[in-house]
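**Q** These are the residues of each chain, in order.
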Amino acid sequence: MTKSDLVEKLSEKVTTLTKKECEEIVETVFENMKKALHKGEKIEIRGFGSFTVRLRRAKEGRNPKTGDKVAIPEKRIPFFKVGKELRELVNC
Amino acid sequence: MTKADLVDIVYEKAGLSKKEAQEIVEDIFDTLKNTLKAGDKIKISGFGNFVLRDKRPRKGRNPQTGDDIEITARRVLTFRPSQILKAFINEPPQS
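Sequences listed follow chains A and G, in order. Taking the numbering used here, I'd label the letters of the first sequence as residues 1 to 92. Taking the numbering used here, I'd label the letters of the second sequence as residues 1 to 95.
Extracted from the complex, chain G is given alone in its bound form (with noise of 0.2 Å):
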């Protein structure tokens, strides 16, 4: 499933036109990418939670030649599914 299957199942159900949904699919995700980019968590209830986390530097090494280098501190974003989503994967199909 990419963006352009969604652009046209919100097409189907929403009854806009082609470019308003592959708009309204756009602004959901920018929405998305600028709370995050922000500094802030994103909840959705019954699909998860996506989670920034701040990373201390540490020590690594350069697996190729070996040299030891300095992994900087950094923000990262995980994905907390929900246990909803969680469940609903494993039930089986046509549920």
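Pulled out of the complex, with its shape left as it was, chain A reads as follows (with noise of 0.2 Å):
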């Protein structure tokens, strides 16, 4: 499923809303989940999961090409748990 098969869904389903307006409300949440997680912040979606963002130390890697050394700057990664109920869901 892609995001807009999911528009397409939910415009079936919200019969009074229009499929541009599913759309804008799916980009909506999308955008500002990303703008939670660049603040650092944490999402707790009941039911679904929690996003959180993880801090990567800073290490030295090396370019598989030439060997030589590189040097990683530290940086952050989003990460998700998957909430229990959907675990489960996912699991039977």
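Hints listed in this document are in silico derivations from the structure and should not be mistaken for laboratory results. In this text, all values refer to a predicted model and were calculated from it rather than measured experimentally. Just so you know, not all the hints are guaranteed correct.
[As the list claims (entries may be wrong)] With the C-beta cut set under 7 Å, the calculated list includes, among others, these residues of chain A facing chain G:
#, residue
1, Ala-36
2, Ile-43
3, Lys-69
4, Ile-72
5, Arg-76
6, Pro-78
[To be verified] Using 20 Å as the maximum straight-line C-alpha spacing, the simulated EDC-like pairs for lysine to aspartate or glutamate come out as follows:
#, chain 1, residue 1, chain 2, residue 2
7, G, Lys-19, A, Glu-41
8, G, Lys-18, G, Asp-5
9, G, Lys-3, A, Glu-23
10, A, Lys-3, G, Asp-30
11, A, Lys-75, A, Glu-85
12, G, Lys-43, A, Glu-27
13, A, Lys-19, G, Glu-23
14, A, Lys-9, G, Asp-30
15, A, Lys-81, G, Glu-20
16, G, Lys-3, A, Glu-85
17, G, Lys-18, A, Glu-74
18, G, Lys-13, A, Glu-24
19, G, Lys-19, A, Glu-24
20, A, Lys-20, G, Glu-20
21, A, Lys-42, G, Asp-5
22, G, Lys-37, A, Glu-85
23, A, Lys-20, G, Glu-26
24, A, Lys-19, G, Glu-91
25, G, Lys-3, A, Glu-60
26, G, Lys-13, A, Glu-60
27, A, Lys-35, G, Asp-40
28, G, Lys-86, A, Glu-44
29, G, Lys-43, A, Glu-60
30, G, Lys-18, A, Asp-5
31, G, Lys-43, G, Glu-20
32, A, Lys-35, G, Glu-91
33, A, Lys-19, G, Asp-5
34, A, Lys-39, G, Asp-8
35, A, Lys-81, A, Glu-44
36, G, Lys-86, A, Glu-31
37, G, Lys-86, A, Glu-27
No residue lacks a Cβ here, since even glycine has one placed at the ideal position from N, Cα and C.
Mind assembling these two chains? They're in different frames, but the hints should get you there.
**A** Put into structure tokens, the structure is as follows:
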């Protein structure tokens, strides 16, 4: 399922909204989740899961082609933890 | 941020009643859940993919008692963030 499939499904379900409106709402939801993570905020969706930002510390890597050492700076990684309900749902 | 915060954002933006905003946010996550339940993966461009992986049974150990146990075969859900999301959360604030 892609984002546009999701919009399609929603507009079939919510007959009071146009497809365009559904699309805008879906965009709004994901854009604001992104913004929250950008701010380092945790997102908790009951029954679905939670998103947090984890810190990867700086490390030294190597260029696999030349073997040169390269410094990999510290960076932030989005992390998703599946909620209990959803974890059980996908496993049955 | 919780589901209630998302409802407020949608309410302010879309000109819906609070109840309608609540229903549509609920519908979004229900649709995602039902899709994953059916075994289908989800690709949200600009955000990330929710991917299902089938794990084979493997041997494990109860860390408390040291007993050997069998970890049963299972289907697990993983989130693979998009390059866009990974780059975005590393940008300086207010950009």
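**Q** Compare the structure with each hint and give your call.
**A** Cross-check of the supplied hints:
1. This hint holds: A:Ala-36 has a C-beta 4 Å from the nearest C-beta of chain G, less than the 7 Å allowed.
2. With a least beta-carbon distance of about 5 Å to chain G, the hint placing A:Ile-43 at the interface is held under the 7 Å criterion.
3. Because the smallest distance between the Cβ of A:Lys-69 and any Cβ of chain G comes to about 22 Å, over 7 Å, the interface hint for this residue is violated.
4. Restraint check, A:Ile-72 versus chain G: the minimum CB separation of about 12 Å is more than 7 Å; hint violated.
5. Taken as an interface hint, A:Arg-76 checks out: its beta carbon lies about 5 Å from the nearest beta carbon of chain G, inside 7 Å.
6. A cut of 7 Å between beta carbons decides the hint on A:Pro-78: the least distance to chain G is about 4 Å, and the hint holds.
7. At roughly 26 Å between alpha-carbon atoms, G:Lys-19 and A:Glu-41 are farther apart than 20 Å, so this suggested pair is violated.
8. Between G:Lys-18 and G:Asp-5 the alpha-carbon distance is near 12 Å, which keeps this suggested pair within the 20 Å criterion.
9. Distance restraint check for G:Lys-3 and A:Glu-23: the Cα-Cα separation of roughly 18 Å lies within the 20 Å cut-off, and the hinted pair is therefore satisfied.
10. Only pairs whose Cα atoms come within 20 Å are accepted, and A:Lys-3 paired with G:Asp-30 is accepted, the gap being roughly 14 Å.
11. A C-alpha spacing of about 31 Å is found between A:Lys-75 and A:Glu-85, which places the hinted pair above 20 Å, so the restraint is violated.
12. In summary, the hint linking G:Lys-43 to A:Glu-27 is supported, as the alpha carbons are separated by about 13 Å, within the 20 Å threshold.
13. Only pairs whose Cα atoms come within 20 Å are accepted, and A:Lys-19 paired with G:Glu-23 is accepted, the gap being roughly 16 Å.
14. Between A:Lys-9 and G:Asp-30 the alpha-carbon distance is near 11 Å, which keeps this suggested pair within the 20 Å criterion.
15. A threshold of 20 Å between alpha carbons decides the hint, and for A:Lys-81 with G:Glu-20 the separation of about 28 Å lies outside it, so the pair is violated.
16. Distance check on the hinted pair: G:Lys-3 and A:Glu-85 sit about 16 Å apart at the alpha-carbon level, within 20 Å; holds.
17. Annotation: proposed proximity of G:Lys-18 to A:Glu-74 is violated, straight-line Cα distance about 41 Å (limit 20 Å).
18. The hinted pair formed by G:Lys-13 and A:Glu-24 meets the criterion: a straight-line CA distance of about 9 Å does not exceed 20 Å.
19. For the hint linking G:Lys-19 to A:Glu-24, the alpha-carbon distance of about 18 Å falls within 20 Å, and the restraint holds.
20. For the suggested pair A:Lys-20 and G:Glu-20, the alpha carbons sit about 16 Å apart, so the restraint of at most 20 Å is met.
21. Restraint check for A:Lys-42 and G:Asp-5: the C-alpha separation of about 12 Å stays at or below 20 Å, so the hint holds.
22. The straight-line distance between the Cα atoms of G:Lys-37 and A:Glu-85 is roughly 11 Å, inside the 20 Å bound, and the hint therefore holds.
23. Distance restraint check for A:Lys-20 and G:Glu-26: the Cα-Cα separation of roughly 18 Å lies within the 20 Å cut-off, and the hinted pair is therefore satisfied.
24. Of the pairs offered as hints, the one joining A:Lys-19 and G:Glu-91 is violated, with about 32 Å between alpha carbons and a cut-off of 20 Å exceeded.
25. For the proposed pair G:Lys-3 and A:Glu-60, the alpha carbon gap of about 39 Å is over 20 Å, so the pair is violated.
26. The suggested pairing of G:Lys-13 with A:Glu-60 is violated, with an alpha-carbon distance near 45 Å, which exceeds 20 Å.
27. As the CA atoms of A:Lys-35 and G:Asp-40 are separated by approximately 27 Å, the hinted pair breaks the 20 Å bound.
28. Taking the CA atoms of G:Lys-86 and A:Glu-44, the gap is about 19 Å. The hint holds against a cut of 20 Å.
29. Restraint check for G:Lys-43 and A:Glu-60: not satisfied, since their Cα atoms lie roughly 32 Å apart, outside the 20 Å limit.
30. The hinted pair formed by G:Lys-18 and A:Asp-5 fails the criterion: a straight-line CA distance of about 25 Å is larger than 20 Å.
31. Pair hint G:Lys-43 plus G:Glu-20 does not hold up; C-alpha atoms about 25 Å apart against a cutoff of 20 Å.
32. Of the supplied pair hints, the one linking A:Lys-35 and G:Glu-91 holds, its CA atoms being roughly 11 Å apart against a limit of 20 Å.
33. Simply put, A:Lys-19 and G:Asp-5 have alpha-carbon atoms about 23 Å apart, too far for the 20 Å limit, and the pair is violated.
34. For the given pair, A:Lys-39 sits about 18 Å from G:Asp-8 by alpha-carbon distance, which is consistent with the 20 Å threshold.
35. Our distance criterion of 20 Å between C-alpha atoms is met by A:Lys-81 and A:Glu-44, whose separation comes to about 10 Å.
36. Proximity of G:Lys-86 to A:Glu-31 is assessed by CA-CA distance (about 13 Å); at most 20 Å being required, the pair is judged to hold.
37. The straight-line distance between the Cα atoms of G:Lys-86 and A:Glu-27 is roughly 18 Å, inside the 20 Å bound, and the hint therefore holds.
The earlier numbered hints that this structure contradicts are 3, 4, 7, 11, 15, 17, 24, 25, 26, 27, 29, 30, 31 and 33.
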